[in-house]
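In case you want the letters, here they are:
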Amino acid sequence: MASHRQAVFNDQPYVDPNPLPTSVPPVDELGTTSAPLKSASFFIGQYCKEVNEDFMLCKSENRDPAHCLKEGRKVTRCATELIRKMRESCLAEFDAHWQCLEKNNQYFQACRVPEKALNSCVFTKLNLTKTIPGSPEGQPQVHEKEKPIFTRVQK
Amino acid sequence: MSHGFRQDMPPPGGYEAIKYKRNLPIRGPGGAVIFGAVGLICAFGFYRVGQGNLEKRELKRELAWSRIHLVPLILAEQDRDTYRRHEAAVAREKEIMKDVPNWEVGKSVYNTKRYTPNTIVVL
Chain A
1 MASHRQAVFN
11 DQPYVDPNPL
21 PTSVPPVDEL
31 GTTSAPLKSA
41 SFFIGQYCKE
51 VNEDFMLCKS
61 ENRDPAHCLK
71 EGRKVTRCAT
81 ELIRKMRESC
91 LAEFDAHWQC
101 LEKNNQYFQA
111 CRVPEKALNS
121 CVFTKLNLTK
131 TIPGSPEGQP
141 QVHEKEKPIF
151 TRVQK
Chain B
1 MSHGFRQDMP
11 PPGGYEAIKY
21 KRNLPIRGPG
31 GAVIFGAVGL
41 ICAFGFYRVG
51 QGNLEKRELK
61 RELAWSRIHL
71 VPLILAEQDR
81 DTYRRHEAAV
91 AREKEIMKDV
101 PNWEVGKSVY
111 NTKRYTPNTI
121 VVL
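Sequences listed follow chains A and B, in order.
Reading the first sequence from the start, the letters are residues 1 to 155 in UniProt numbering.
Reading the second sequence from the start, the letters are residues 1 to 123 in UniProt numbering.
Treat the hints with caution; some may be incorrect.
Said to hold, decoys possible - DSBU-like, lysine-lysine: derived pairs with alpha carbons at most 30 angstroms apart:
no., chain 1, residue 1, chain 2, residue 2
1, A, Lys116, B, Lys60
2, B, Lys60, A, Lys147
3, A, Lys70, B, Lys94
4, A, Lys49, A, Lys145
5, B, Lys113, A, Lys70
6, B, Lys60, A, Lys130
7, B, Lys113, A, Lys59
8, B, Lys98, A, Lys145
9, A, Lys49, B, Lys60
10, B, Lys113, B, Lys98
11, A, Lys116, A, Lys70
Simulated from the structure, these hints should not be mistaken for laboratory data.
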């Protein structure tokens, strides 16, 4: 085909206005952008461990999107609930951390100071701890290091 | 024998010895010390690189797990959207093909029970 154009229309985003069928119970999408999600990721992983694993097991049964809608709704509700709880109890620390991530290319190592505050606040209020699976035993995890080698790069 | 002049003579005690010998006093630390110090600095540097590599590995692990923890959430959201679009496409197809007899709406082109994602997006 003698055309330099791709067979897609990029001038407008692909939006399908049709709603979900009424047979599917509605759930509000989380709508959180990447930096807050990254900031809360380890807490989501811990708080929603069971529903997440349930969902992923369901997905491994069948990749069809229609197969795991119910489990998927539970996942989204759980994450929404956690974000709401975090905002209720640790709003200032949460905002400080994700805005730091936003400004530092979303590098965790650049935001250890606000992260420490967030972690301690979440631990006292929600009893969730950030643990990285597979970290070497018997030494502080990378976010608990006193003197990390990698911090902010070029600033 | 008095001539009225005095012959120039060496100073009493004689001239001092001529300094012809090489005089290079040893200054600063010796070669072995400098070599050792450079070795120590290098050793510290390599130790630091090693620690940095270990820390880099842990940072990668942290990043990977932060993404793994978010996979179900994002996949669930995407699934709902895909499902919604698929249902709409099926409804559209049903409406378009309602006059064609024996037309199976939403039938896959593949002869398999496995889920085959759509490769065509209807705009």
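| Do the alpha carbons of B/Lys113 and B/Lys98 lie within 30 angstroms of each other, as the hint requires? | 25 angstroms, holds
| Restraint check for B/Lys60 with A/Lys130, where alpha carbons must lie at most 30 angstroms apart | 15 angstroms, holds
| query | Within 30 angstroms, alpha carbon to alpha carbon, are B/Lys98 and A/Lys145? | reply | 66 angstroms, violated
| Does A/Lys49 pair with A/Lys145 here, judged by a C-alpha cut-off of 30 angstroms? | Distance of about 26 angstroms is within 30 angstroms: holds.
| said: Hinted pair, alpha-carbon criterion (30 angstroms max): A/Lys116, B/Lys60. Please report holds or violated. | reply: 19 angstroms, holds
| task | Mind checking the alpha carbons of B/Lys113 and A/Lys70 for me, to see if they're no more than 30 angstroms apart? | result | 21 angstroms, holds
| message | Between the alpha carbons of B/Lys113 and A/Lys59, is the straight-line distance 30 angstroms or under? | response | At roughly 15 angstroms apart (the allowed maximum being 30 angstroms), A/Lys59 and B/Lys113 satisfy the hint.
| request: Verify the proposed pairing of A/Lys70 with B/Lys94, using a straight-line Cα cut of 30 angstroms. | output: 26 angstroms, holds
| message | Just to be careful, I want the Cα atoms of B/Lys60 and A/Lys147 compared with a cutoff of 30 angstroms; is the pair within it? | response | 18 angstroms, holds
| query | Hey, A/Lys116 versus A/Lys70, does the alpha-carbon distance stay inside 30 angstroms? | reply | 35 angstroms, violated
| 30 angstroms Cα cutoff - pair A/Lys49, B/Lys60 | 21 angstroms, holds
In terms of the numbered hints stated before, the structure departs from hints 8, 11, listed from lowest to highest.
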